[in-house]
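Chemist: We have chain W; now place chain H onto it with these hints.
Protein chains: 2
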Amino acid sequence: MLIPEYRDMLAAHKRIQPYIRRTPVRVSEYLNELTGAQLFFKCENFQEPGAFKVRGAANAVFGLDDAQAARGVATHSSGNHASCLSYAAMRRGIPCNVVMPRTAPQAKKDTVRRYGGVITECEPSTSSREETFAKVQAQTGGDFVHPYNDPRVIAGQGTCSKEFMEQTGGLDMVVAPIGGGGMISGTCLTLSTLAPETKVIAAEPEQADDAYRSFKAGHIIADDAPKTIADGLLVPLKDLTWHFVSNHVSEIYTTSDAEIVDAMKLIWKHLRVVMEPSSAVPLATILKNKDAFAGKRVGIIITGGNVDLDKLPWL
Amino acid sequence: MLIPEYRDMLAAHKRIQPYIRRTPVRVSEYLNELTGAQLFFKCENFQEPGAFKVRGAANAVFGLDDAQAARGVATHSSGNHASCLSYAAMRRGIPCNVVMPRTAPQAKKDTVRRYGGVITECEPSTSSREETFAKVQAQTGGDFVHPYNDPRVIAGQGTCSKEFMEQTGGLDMVVAPIGGGGMISGTCLTLSTLAPETKVIAAEPEQADDAYRSFKAGHIIADDAPKTIADGLLVPLKDLTWHFVSNHVSEIYTTSDAEIVDAMKLIWKHLRVVMEPSSAVPLATILKNKDAFAGKRVGIIITGGNVDLDKLPWL
Numbered sequence: 001m002l003i004p005e006y007r008d009m010l011a012a013h014k015r016i017q018p019y020i021r022r023t024p025v026r027v028s029e030y031l032n033e034l035t036g037a038q039l040f041f042k043c044e045n046f047q048e049p050g051a052f053k054v055r056g057a058a059n060a061v062f063g064l065d066d067a068q069a070a071r072g073v074a075t076h077s078s079g080n081h082a083s084c085l086s087y088a089a090m091r092r093g094i095p096c097n098v099v100m101p102r103t104a105p106q107a108k109k110d111t112v113r114r115y116g117g118v119i120t121e122c123e124p125s126t127s128s129r130e131e132t133f134a135k136v137q138a139q140t141g142g143d144f145v146h147p148y149n150d151p152r153v154i155a156g157q158g159t160c161s162k163e164f165m166e167q168t169g170g171l172d173m174v175v176a177p178i179g180g181g182g183m184i185s186g187t188c189l190t191l192s193t194l195a196p197e198t199k200v201i202a203a204e205p206e207q208a209d210d211a212y213r214s215f216k217a218g219h220i221i222a223d224d225a226p227k228t229i230a231d232g233l234l235v236p237l238k239d240l241t242w243h244f245v246s247n248h249v250s251e252i253y254t255t256s257d258a259e260i261v262d263a264m265k266l267i268w269k270h271l272r273v274v275m276e277p278s279s280a281v282p283l284a285t286i287l288k289n290k291d292a293f294a295g296k297r298v299g300i301i302i303t304g305g306n307v308d309l310d311k312l313p314w315l
Numbered sequence: 001m002l003i004p005e006y007r008d009m010l011a012a013h014k015r016i017q018p019y020i021r022r023t024p025v026r027v028s029e030y031l032n033e034l035t036g037a038q039l040f041f042k043c044e045n046f047q048e049p050g051a052f053k054v055r056g057a058a059n060a061v062f063g064l065d066d067a068q069a070a071r072g073v074a075t076h077s078s079g080n081h082a083s084c085l086s087y088a089a090m091r092r093g094i095p096c097n098v099v100m101p102r103t104a105p106q107a108k109k110d111t112v113r114r115y116g117g118v119i120t121e122c123e124p125s126t127s128s129r130e131e132t133f134a135k136v137q138a139q140t141g142g143d144f145v146h147p148y149n150d151p152r153v154i155a156g157q158g159t160c161s162k163e164f165m166e167q168t169g170g171l172d173m174v175v176a177p178i179g180g181g182g183m184i185s186g187t188c189l190t191l192s193t194l195a196p197e198t199k200v201i202a203a204e205p206e207q208a209d210d211a212y213r214s215f216k217a218g219h220i221i222a223d224d225a226p227k228t229i230a231d232g233l234l235v236p237l238k239d240l241t242w243h244f245v246s247n248h249v250s251e252i253y254t255t256s257d258a259e260i261v262d263a264m265k266l267i268w269k270h271l272r273v274v275m276e277p278s279s280a281v282p283l284a285t286i287l288k289n290k291d292a293f294a295g296k297r298v299g300i301i302i303t304g305g306n307v308d309l310d311k312l313p314w315l
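Top line first, the protein sequences correspond to chains W and H.
Per UniProt numbering: the first sequence = residues 1 to 315.
Per UniProt numbering: the second sequence = residues 1 to 315.
Isolated chain W (complex conformation):
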């Protein structure tokens, strides 16, 4: 297991600079009053493809040597990683093959194709996905870029916290949602060196609380098919992300889907940004555990903004 280091994150930041945005940090006097904390929101939903995942994807894509780049990249994902990897590959002008379940929303498929990604559909099961992916990879020779359990991806995600600390001048805590743990691992990677006094806190949906249970048990627990409105957080931890979570995360909190939707609407109304349910889990966590955050400078990563505007969860 190759564990990415701080210097890998620094190299990543230099490498991906032309392809990512230094996203703005938003504040709201209203949300500060409501929570009793001083909140800073890093708007990764403002990346061109709408998610922080472009950082890790771009780091993988632009770190390839020319020979490998010519064969392109490949992944399986039905979410933001698929579109972010396609976007990064398009920027480099190399092929990107994506295996997606045929049941994935049409909008997600459209986005991948808009960025030149080639989709191979599979059945919505792990066995079909693995089989299909193996075939695609054998045919294309594309370099496998895992959505989160990849040192290049984690080093890329870590660049977000570096900017966040520069932009805010320091934070007591950073709260990010946890699914597979890519963003949380990148955050741990960066802050454990850059600001070891800043706590890293993970926020997870109650209905997909495998990271919480893993954290308490001391080993990875993976659920079969969790269901939550926070559809970016369904995947389990893997060895590399477990390394960071088990060593550097201070606490994992869980919140209900109803609490997530309430927090999402508050952010839309008062920060006036369009973001997805997964990104609302940190604010839901802070509202549910006010005492743990009161009086603190708390950074929240708004991880993504790809949501179906015709089906908002509060309507």
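Hint data in this document are derived by calculation from the structure and do not stem from the laboratory.
Derived lysine-lysine pairs resembling BS3-like cross-links, with alpha carbons at most 27 Å apart:
# : chain 1 : residue 1 : chain 2 : residue 2
1 : W       : Lys265    : W       : Lys108
2 : H       : Lys269    : W       : Lys265
3 : W       : Lys311    : H       : Lys265
Far from chain H, by Cβ distances over 12 Å, these chain W residues were calculated:
#  : residue
4  : Ala11
5  : Gly36
6  : Gly63
7  : Lys109
8  : Pro124
9  : Ser127
10 : Arg129
11 : Arg213
12 : Ser250
We treat Cβ as the ideally placed atom computed from N, Cα and C, and that holds for glycine.
Modeler: Chain H alone, transformed into the frame defined by chain W:
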């Protein structure tokens, strides 16, 4: 008629600095491709009370001498000016009285009250509003801050374009929505001195096209009760805003409500910001008149972000 000058705008910017945000400028590769122009969106919806109008309101409020400040400010408005003036007054700790039609949306009344504004309700007619406002002003002695036909307000709104030019390094055109003409006048005030080669273009709903018809006729035409989804743009030009529109605006374009809603959804989806229908009129205009904007560096002011999340116009 006291016409505000460039130095008034500079003084306003200094005065209001602590109470406003230097709002970020957003870009979208997707919207650039779609329009063939290079678009820059200045997100005034990110002001704390959600609209550019806090600039003019804060300039009026913080420009008062102590004696007048003690008596506070007063206005009539059912929209963003009411909440922005209440917000500015709250920041200075002085009274703010607002006359609003009893039919105004509850959410707007709630926002004014949240900022400590005192509402006196009137019937939804001009005569009732004027009568009620005269009474309130006589009782309180509050200084009347008109929503747009006030040199302090126009000088305040002009600070937006100053930041916009600094942030973008120059633009070929700035497009803003036009209702009473406060933002457009401020834009003209600033750019006619700071960047006289930058064209100021106004975008108006077809269904409230009194500014367009005034511009073509060469004198103010006011409609009685226009109806459009762009509910921030219902009011007519007045002498002061007509001065700027007639002297400095290059063109006024109109678009249908359906085009406005389409543009609004595009902005929500690709810029991922929550903004109101009025703020979508510029993009609707550009999409409808692509040839006029193709290849140009075009600034768009996203004027406000106060919208009922339970009643989105495309649903």
